[in-house]
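Enquirer: Letter by letter, the chains look like this.
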Amino acid sequence: MFSSTLKQEWFGNVRGDILSGIVVALALIPEAIAFSIIAGVDPMVGLYASFCIAVVIAFVGGRPGMISAATGAMALLMVTLVAEHGLEYLLATTILTGVLQIILGVFKLARFMKFIPKSVMVGFVNALAILIFTSQLQHFEGEGWIIYVLVGATLAIIYLFPLINKTIPSTLVAIVVMSVIVVTMGIDVRNVGSMGELTQTLPIFALPDIPLNFETLAIIFPYAMALTIVGLLESLLTASIVDDFTDTESDKNKESRGQGIANVVAGCFGGMAGCAMIGQSVINVKSGGRGRLSTLVAGVFLMFLIVVLGNVVVQIPMAALAGVMIMVSIGTFDWGSVRNIHKTPLSDAAVMVITVVTVVVTHNLAYGVLAGVVLSMIFFAVKISRVRVLSLYMNEAQKRIYYVQGQLFFASVTEFQESIEFNEIPSVKEVIIDLSESHLWDDSAIGALDSVEAKFDQKGIDVTFVGINAESRRLLEKVGGVSKTSF
Amino acid sequence: MYTKILLASDGSEHSHRAIDEALKMVDPYKDEVHIEVVYAVDGDQSKKDVLKYGDSDTASLKRKEKFQSTIEYIEAKGLAADITILHGQPAETLIEYANEGDYDCVLVGSRGRNKFQTLILGSVSHKLVKYIQCPVVVVK
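Quick note, the sequences are listed as chains A and B, same order.
Everything in the first sequence is counted per the UniProt record's numbering, starting at 1 for the first residue and increasing by one.
Everything in the second sequence is counted per the UniProt record's numbering, starting at 1 for the first residue and increasing by one.
One or more hints might be untrue.
Under the rule of at most 16 Å between Cα atoms (straight-line distance), these lysine to aspartate or glutamate pairs were calculated in the EDC-like manner [stated by the list, open to error]: (1) A:459 / A:424; (2) B:62 / A:247; (3) A:118 / B:55; (4) A:383 / A:348; (5) B:48 / A:334; (6) B:64 / B:82.
Quick caveat, the hints were computed from the structure, so don't treat them as lab data.
One chain only, chain A, in its complex shape (with noise of 0.2 Å):
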């Protein structure tokens, strides 16, 4: 029933899976109870919805290996639309996120997701740290002295366990801690329990309770949309992450149908949607998980702890979650993107900022990954556009040689224009317009070779194209023009 290389994909490493997938279902736990927190529901949606996508995305995704969740970028897209709409908004934006992803992975367009540059990359991912940061703020209100204490030991424990032993997540020893002391001390702090119900039972199967007409498809459809191209950047990105870890390959496209898949499944049993998480697949791979058993193990064993524990995770104080989100937040941020800014060619700094900027203010991912791919387009444009114009006498100035250097496009033909001298000297009786190394690509650059003769057969000086190149020829030919080029 089984192909050797799925066999391979479940059962070539199941130690190391298992392990690690108990690992990742650790670390997973406090994660998704503080996604939850962010994106305005019960702890339950984000649990459910890591456990569904955990265990669904291990059968059908497309990068073994590859930990998939309850995402802090997803749930900061959610925000506005749970604030205004509730719950069950949420997962029908959910499932029509996922239907979107199994669209796009169905027609392979996931190599369209390349068109996003790097800078917009890393603008997007600093942006995410800012954001699950300042979302920690409401925490410390009206809280006193004691939760910068208590957050200020968290981070510590997280920071300064990995001295101690490296394979039990210092996160999930940082919660316990701070939950005991919290505990037994009688600090009175908020917890997971007074931010909503926390329900020891699994996800059962209902579809979203709303009216289905296209009032309700007008809201949720931006939101889908935002989570759609979020939750396939962060996806493929990690896939690229742990494809490069392990050194072998995986499918794209199968994953972002795989996503679209998990996030159904999510939507209809009252999770939240969500997408491969950076953090935990690393955190997976390093502590041996390679493949598909150890995401599936992730997934159950996350369940089983809630199903048994849920009485003990309502008692975590808020501050201990703080600090593992300040903790992710440090994490996620790109320093070398800082560091080495002075370094970066201008405009790809400028993409990076303005994509963090638009992200901070409209606390949405979209729009700064947007904003990022115009910028960066307008950039490229305003690069390639730039055309060198050179030109020398010959023949004691009767003949006068442009040499044209750079693409010729709608966006350079005024340049281009510009740099030929129409008002010559009387002795010019003809002109040569070189043109080998140059590329005609447009309608445009057609029309303003056209105009350059136009302009010099008035003033009667003949006018002559030569060295164009063999594909801007066949453009040439198509569009016509140039009345009497000499090729």
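Add chain B to chain A, keeping to what the hints say.
Expert: This is chain B only, laid out in the frame that chain A set:
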């Protein structure tokens, strides 16, 4: 005779010092010596490189490029060289690789940058010396 040498490197100029020291040992018969430069990419480095270069293939290419100068340096000294990029936790991966191959000696250049610096000066260098079965030379 040390003819098959493994050089653990981070691609920095510092591994040149290790090469110079190796040359002192093998100079009389250097025509027979082959140095394999090896570099281990760990999870955080993968994340950093993929973010920086966009995808795994470009990242792999850039890593090989990074070692070009080291290879040229070795070849300029009259020794044969090539580069192997490994993936995984630096110490464990290097130990496993070194023990699987049939090397006469493993060279480790110290005073590298970032991760590798801590690798050499910390408990991990201890692991390399302890668990690699052939002689290990740590060049300070």
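Enquirer: None of the hints should be skipped; say for each whether it holds.
Expert: Now for the hints, and whether the structure bears them out:
1. A:459 / A:424: Status holds; Cα separation ~9 Å.
2. B:62 / A:247: With a Cα-Cα distance of about 15 Å, the restraint between residue 62 of chain B and residue 247 of chain A holds, given a limit of 16 Å.
3. A:118 / B:55: holds, 10 Å
4. A:383 / A:348: Since the Cα atoms of residue 383 of chain A and residue 348 of chain A sit roughly 12 Å apart, the hinted pair holds (cutoff 16 Å).
5. B:48 / A:334: Holds, because 8 Å separates the two Cα atoms, which is no more than 16 Å.
6. B:64 / B:82: holds, 10 Å
In terms of the numbered hints stated before, the structure departs from none.
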